[in-house]
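Student: Sequence:
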Amino acid sequence: MLRWPNVPACYGWLSLDPRGRWRMRGEALSHRGLTDFLNRQYAHDENGNYFVQNGPQRVFVALDYTPWVVHLPAPNRLETQVGETVSELRGAAIDEEGNLLLEIPPGIALLCDRDLPALLPCLRLADGAVADDDALLAAIAQEPGEISALTLVWQGQRVPVRTVRRCEVAQRYGFIASPQEAPPGAAP
9 MLRWPNVPAC
19 YGWLSLDPRG
29 RWRMRGEALS
39 HRGLTDFLNR
49 QYAHDENGNY
59 FVQNGPQRVF
69 VALDYTPWVV
79 HLPAPNRLET
89 QVGETVSELR
99 GAAIDEEGNL
109 LLEIPPGIAL
119 LCDRDLPALL
129 PCLRLADGAV
139 ADDDALLAAI
149 AQEPGEISAL
159 TLVWQGQRVP
169 VRTVRRCEVA
179 QRYGFIASPQ
189 EAPPGAAP
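Residue numbers (this note's numbering): 9 to 196.
Any given hint could be a false lead.
Said to hold, decoys possible - Have a look at the derived ranges for each label pair, beta carbon to beta carbon: (1) Glu104 x Leu133: 19 to 27 Å; (2) Gln49 x Ala146: 40 to 48 Å; (3) Glu154 x Ser95: 42 to 50 Å; (4) Pro26 x Gln49: 19 to 27 Å; (5) Arg85 x Pro16: 35 to 43 Å.
Everything labelled a hint here was simulated from the structure, so no lab data went into it.
Quantities reported herein were computed from a predicted structural model and do not represent experimental measurements.
From the three backbone atoms N, C-alpha and C, an ideal C-beta is built for every residue, glycine too.
Modelling step: build the complete structure from the supplied sequences, incorporating the hints.
Tutor: And the structure:
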């Protein structure tokens, strides 16, 4: 039986930007076949490191923010950067920069900044009114971890919006933003 060769993991080559674009050494990838391959092979390990499985080799992914990025490709449809439809929201958070994070089945996702204006009418106050700028700014200014006055209403789901600091997102949601090679002699 053939066996895969012992191929070292690759670090520092591949990243995922806040808009869900793959980047290789900082350059955005545009070749459809390559990005489709990366999307199909995207996975994570038990430690929260995200990678692309390339045959016998794991190419670890540096995450500019979150391991998942969500887009609104059409009204009333959320989709991850790998093309999976999002039908369940498990939670939501807003950071101090006004970024909206969505807890979805595969993990925490950043709503692409280009799609945020289209989703803003779904942020509601307790009385059901659409959140205005003052309510959004008040939520952004709250202490991290608190439940804001905002609720995200999407496809019949009502999800309270918590506050979070961007620098705490990786630890809070259990992923490694910058995977590193283990030092020589360390246990795998």
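Student: For every hint, state whether the structure bears it out.
Tutor: Here is what the structure says about each hint:
In this structure, Glu104 and Leu133 meet the distance hint of 19 to 27 Å, their C-beta atoms being roughly 20 Å apart. As the Cβ distance of Gln49 to Ala146 is approximately 42 Å, the hint placing it in 40 to 48 Å holds. In this structure the supplied range 42 to 50 Å is violated for Glu154 paired with Ser95, their Cβ-Cβ distance being about 28 Å. Evaluation of the 19 to 27 Å hint for Pro26 and Gln49 yields a pass: the beta carbon distance comes to about 21 Å.
Roughly 40 Å separates the CB atoms of Arg85 and Pro16, a value that falls within the hinted 35 to 43 Å.
Violation of the numbered hints given earlier is confined to hint 3; every other hint is satisfied by the structure.
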